[in-house]
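Okay, here's what each chain looks like letter by letter:
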Amino acid sequence: MDSRKAKELLVRAVTTFVSLSVAIPLLWIVADVVIKGLPAINFEFFTSLPAPFGETGGGVANAVLGTLVINAMSSLIGIPLGVLTGIYQSEYSGDKRIYSLIRTSIDSLAGVPSIILGLFAFTIIVMRVGHYTALAAAFALALIMIPPVSKATEEGMRSVPIEIREAAIALGLPKWVITLKVVFSIAKGSVITGSLLSFARISGETAPLLFTSLFSYYWPAGINEPMASLQVLIYNYAMSGFGEWVTKAWGASLLLLLIVLMINTLVRAVSKNKGGY
Amino acid sequence: MYHKLEVKNLSAWFNEKQVLKDVSISFPSNNVTAIIGPSGCGKTTFIRCLNRMHELVPGARVQGKVLLDGRDVYRDMDAMEVRRKVGMVFQKPNPFPNMSIFENVVAGLKLLGVRDKKVLSERVETKLKEVGLWEEVKDDLRKSGAMLSGGQQQRLCIARALAVDPEVLLMDEPTSSLDPASTAKIESLIRELKEKTTIVIITHNVQQAARISDFTGFLYLGSLVEFGETKKIFESPKNPLTERYVTGRFG
Numbered sequence: 005m006d007s008r009k010a011k012e013l014l015v016r017a018v019t020t021f022v023s024l025s026v027a028i029p030l031l032w033i034v035a036d037v038v039i040k041g042l043p044a045i046n047f048e049f050f051t052s053l054p055a056p057f058g059e060t061g062g063g064v065a066n067a068v069l070g071t072l073v074i075n076a077m078s079s080l081i082g083i084p085l086g087v088l089t090g091i092y093q094s095e096y097s098g099d100k101r102i103y104s105l106i107r108t109s110i111d112s113l114a115g116v117p118s119i120i121l122g123l124f125a126f127t128i129i130v131m132r133v134g135h136y137t138a139l140a141a142a143f144a145l146a147l148i149m150i151p152p153v154s155k156a157t158e159e160g161m162r163s164v165p166i167e168i169r170e171a172a173i174a175l176g177l178p179k180w181v182i183t184l185k186v187v188f189s190i191a192k193g194s195v196i197t198g199s200l201l202s203f204a205r206i207s208g209e210t211a212p213l214l215f216t217s218l219f220s221y222y223w224p225a226g227i228n229e230p231m232a233s234l235q236v237l238i239y240n241y242a243m244s245g246f247g248e249w250v251t252k253a254w255g256a257s258l259l260l261l262l263i264v265l266m267i268n269t270l271v272r273a274v275s276k277n278k279g280g281y
Numbered sequence: 117m118y119h120k121l122e123v124k125n126l127s128a129w130f131n132e133k134q135v136l137k138d139v140s141i142s143f144p145s146n147n148v149t150a151i152i153g154p155s156g157c158g159k160t161t162f163i164r165c166l167n168r169m170h171e172l173v174p175g176a177r178v179q180g181k182v183l184l185d186g187r188d189v190y191r192d193m194d195a196m197e198v199r200r201k202v203g204m205v206f207q208k209p210n211p212f213p214n215m216s217i218f219e220n221v222v223a224g225l226k227l228l229g230v231r232d233k234k235v236l237s238e239r240v241e242t243k244l245k246e247v248g249l250w251e252e253v254k255d256d257l258r259k260s261g262a263m264l265s266g267g268q269q270q271r272l273c274i275a276r277a278l279a280v281d282p283e284v285l286l287m288d289e290p291t292s293s294l295d296p297a298s299t300a301k302i303e304s305l306i307r308e309l310k311e312k313t314t315i316v317i318i319t320h321n322v323q324q325a326a327r328i329s330d331f332t333g334f335l336y337l338g339s340l341v342e343f344g345e346t347k348k349i350f351e352s353p354k355n356p357l358t359e360r361y362v363t364g365r366f367g
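So the sequence lines, in the order shown, correspond to chains A and B. Read left to right, the first sequence gives residues 5 to 281 (the numbering used here). Read left to right, the second sequence gives residues 117 to 367 (the numbering used here).
Don't read these hints as lab results, they were simulated from the structure. Beta carbons: idealized from backbone N, C-alpha and C, even for Gly. Please note that the accuracy of each hint is not assured.
[To be verified] Only some residues are given here: those of chain B computed to face chain A with a beta carbon under 8 Å: (1) Asn167; (2) Arg200; (3) Phe206; (4) Asn210; (5) Leu227.
[Unchecked claim] Listing some non-contacts, in silico: residues in chain A with all C-beta distances to chain B over 12 Å: (6) Thr20; (7) Ala27; (8) Phe50; (9) Pro84; (10) Gly134; (11) Pro152; (12) Ile166; (13) Tyr239; (14) Met243; (15) Leu258.
Can you build the whole structure from these sequences, using the hints too?
Below, the structure written as structure tokens:
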């Protein structure tokens, strides 16, 4: 074999081996979580409140509900802010300095570790109201959602070709109509994808919740109260050293993993038939 | 003869570069006027000055007057009003990809708030019939405009421009991306449309100008070299430059 072919073979072998081995941790995690989490899953797991420490049985229903409520509140704040910022950046930011100011701010926000966003929410909300509250969690998680949502919106809208915009302009439509009903409408697939991905992202965030919504062993009592979440439940139960709770933590991990995988599948479905550009 | 649209001493720039030099033309109502000239002569800039699309480009500037029924489109009207009255069809068909065939035709009405289903449906049928597309698409009105062929898409775009009842229709080389059969259909459509509207068409195809237009203007290096009845421009041009261009000796 000449050396050219040998090099070709070497590169192919090394890249194949490395890329297969990076898939192993994921498969390992999934397998481990499924094996250890599956025994925890039963009807009670989804419908009951946690059993007190030391007792068997009970479920994580309040944490499932809490995660959904916190995620929903975060989305209600984060997605509109992200979308509106993206629309401004793509269509209205005539002044380059304002554009780069916002762009830099958003890029920096995306780089802030989530634990710091949690601390920030703690100092400006929790310390003021005097108790842990799910609202502060929603605020912290919304800050995590804004950068990816605004970028997906901006990029989706920017990729709408000038020919399409000119067709709308030539019909004598006002700018806001063109922006929202033509350009944004075409970019909708990208906006939905970005929003779903950011939703999946916050479903796993734990650090900000420890400073904000903390945890509760009861049903959510109100959005301005401490609230259970799957993430913090996993954190608490896994560290408890109590076998029944550790199993519950595995069950909750499996649930969280399934939620995130489901969203990712949904994203693929959306981006496959989003059409347009 | 009534002149629907009059251009007086029009000059246009992109930053420092002057692309139109003191052009004056009067477009007769219910006639087809062709603007011909080699690439880069300012044809597209010229036509885009008529519905105020030129000013969308950063650094673009216009001087002179464009009068629609005697009203200066730059001083007496706002840009959106001008564009509703002066419709435009582009080189490449550009249907809205997020809308069905139906929605594309009435996009101008619907997006401006016309909700009446009956009005919209009637408009869709009339306009698609006008452009000769109705029989081909009447069963697929809910499908995306993107499924149509290039020539059908262009006729859809013409229907969309006509649906807001423009008084003038500007066409920027509307057949340049189409095959000969689609081109022939659009050419015969243009001859019919002049019953209702005043048409200004840009073409780099001299034969097309001869086939479809009543008047022709020859633009060269940003200046109007000659303007007159198409027959005269082609049979007895006054300027030797025009003669050389229409006989295909340069271009």
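Hint-by-hint comparison with the structure:
| no. | hint | in the structure |
| --- | --- | --- |
| 1 | Asn167 | holds (7 Å) |
| 2 | Arg200 | holds (3 Å) |
| 3 | Phe206 | holds (7 Å) |
| 4 | Asn210 | holds (4 Å) |
| 5 | Leu227 | holds (5 Å) |
| 6 | Thr20 | holds (39 Å) |
| 7 | Ala27 | holds (37 Å) |
| 8 | Phe50 | holds (39 Å) |
| 9 | Pro84 | holds (21 Å) |
| 10 | Gly134 | holds (49 Å) |
| 11 | Pro152 | holds (23 Å) |
| 12 | Ile166 | violated (9 Å) |
| 13 | Tyr239 | holds (44 Å) |
| 14 | Met243 | holds (50 Å) |
| 15 | Leu258 | holds (39 Å) |
Consistency note: the structure conflicts with earlier hint 12 alone.
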